[in-house]
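Since chain W is already given, all that's left is putting chain B on it; use the hints.
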Amino acid sequence: MNFGHDGWGARFLDGIVVTVEVSLAAYAVSLVFGLLGAGAKLSPYQWLRWVADVYTTLVRALPELLLLLLIYYSGADAIKFLLSFLGDDYEDVELDPFAAAVMALGFIGGAYMTEVMRGAIQSIPLGQIEAAKACGMSPLLRVRRIILPQMLRFALPGMSNLWLNATKDSSLISVLGSFQDILFMGYRAASTTKHYSYFYSVTALCFLIITLVSMAGIRLLEARVNRGYK
Amino acid sequence: MNESLAFLLSIFPRLLAAVPLTLALTAISGLIGNALAVPVALARLSPNPLLWMPSALYILLMRGTPLLVQTYLIYYGLGEILPGSFIQKTFLWDYLKDGFWYAVFAFSLNTAGYTGEILRGAMSAVPRGEIEAAKAYGMSPRLILWRVTLPRAIQICLPAMSGETILLLKATSLASLITVWDIMGTARQIQKESFRVYEPLIAAGIIYIVTVFILTRVLNLLERRINQHRAAPQSA
Chain W
138 MNFGHDGWGA
148 RFLDGIVVTV
158 EVSLAAYAVS
168 LVFGLLGAGA
178 KLSPYQWLRW
188 VADVYTTLVR
198 ALPELLLLLL
208 IYYSGADAIK
218 FLLSFLGDDY
228 EDVELDPFAA
238 AVMALGFIGG
248 AYMTEVMRGA
258 IQSIPLGQIE
268 AAKACGMSPL
278 LRVRRIILPQ
288 MLRFALPGMS
298 NLWLNATKDS
308 SLISVLGSFQ
318 DILFMGYRAA
328 STTKHYSYFY
338 SVTALCFLII
348 TLVSMAGIRL
358 LEARVNRGYK
Chain B
2 MNESLAFLLS
12 IFPRLLAAVP
22 LTLALTAISG
32 LIGNALAVPV
42 ALARLSPNPL
52 LWMPSALYIL
62 LMRGTPLLVQ
72 TYLIYYGLGE
82 ILPGSFIQKT
92 FLWDYLKDGF
102 WYAVFAFSLN
112 TAGYTGEILR
122 GAMSAVPRGE
132 IEAAKAYGMS
142 PRLILWRVTL
152 PRAIQICLPA
162 MSGETILLLK
172 ATSLASLITV
182 WDIMGTARQI
192 QKESFRVYEP
202 LIAAGIIYIV
212 TVFILTRVLN
222 LLERRINQHR
232 AAPQSA
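Protein chains in written order, with this note's numbering: chain W, 138 to 367; chain B, 2 to 237.
For reference, chain W alone in the conformation it holds in the complex:
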């Protein structure tokens, strides 16, 4: 492996960039789904709780690969269907593959994120929320000033785990064929050169580097979030 004009080294570096981009975007989407899901699970409305329960149960019972393929291929159709209510000028909508893959991975991660956030919100001492109410804070202000920052402390271990999962699950997009992520590069390099064990080891090493860097970052974040509790 070399880093020259047609060496594989540079392509693996490109692959790392794609993997990190997809993981970051999918993780951001899963945070949104997680917050909405946790809000729905703790809401006083039964139908909202029911929707959130169906979401987390179904997504967590299905293999990630199957969900990814299903959402990736149906994403464009679903958007066309929704847009068809607005008029019929949207026949040739094309969903960007990146957006479709990110939505699919984020939707899957969101179900796990929902459970992490629900647990964290429920761990906040009730007295703090009552105190905020007593101070006359509106529900939205309570969420922003008390619930979100306090929840973060309890949610961080689970959220860190989900970030590591997001980077690993992103390897599934190589199956879709339109992304040049690490695993896709590994597959190409291995099948072109026939050095399978070598190039798949390089692929594994790239993912390991992402994991190790993430773990170091998580340690710093944990120290920061818990700084009031030494």
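To be clear, the hints were calculated from the coordinates, so they are not data collected in a lab. Everything numeric in this text was worked out from a predicted model, so none of it was measured. C-beta atoms are modelled at their ideal positions from N, C-alpha and C, and glycine is treated no differently. Mixed in with the good hints there might be a few duds.
What the hints assert, rightly or not - Here are some, though not all, of the chain B residues that point toward chain W, as calculated from beta-carbon distances under 8 Å:
id : residue
1  : Leu74
2  : Lys171
3  : Ser174
4  : Val213
5  : Ile215
What follows is chain B alone, placed relative to chain W:
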């Protein structure tokens, strides 16, 4: 829509025929992986750096890289080395022609890493008093491990282990990418034959959901049986 539903129903028998293969993948990899997790956890807890360092590295490698990469590494990597070696002349070669045993190999090693870490946590959570009591009875370290530490640790981490088993069942769908015709592989095969994208995936999804729910119930029953003596006494 009706025609689509009819197609969906028509492919169920073929997909259901693949359920035993998925279950076999899960059961064999689960048994081998959980058995391997015991030495991994023991080595991880050892004070000897020659034991705990390789074990920690193993756990990091298994948990820090995607299972799909591990599966490809084993399937294609061994496929590069094995032909032409002595293995080709033994009876093993017959088994190593299709992807099934490579998938079992990859999933077992991966499970050993994940469960090894869980078991390590559970083994350090066994109350000290119980181990001291065993020592006071004059049990040898090996007997203590066999009669006290391991059984107690397994009881403690049973819920986490059944969670891992469900994750393993879902992960076996990756075997479809190395030409194993499990539920997922059959669904992809039907996709290619019929040029229909959704119906095979939806039908496979329904089968996975039902399988996961049944397995969850079975594992819960098993858990309750093993931890029977710890259940709350029944009120008359």
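Indices of hints not satisfied (ascending) = 5
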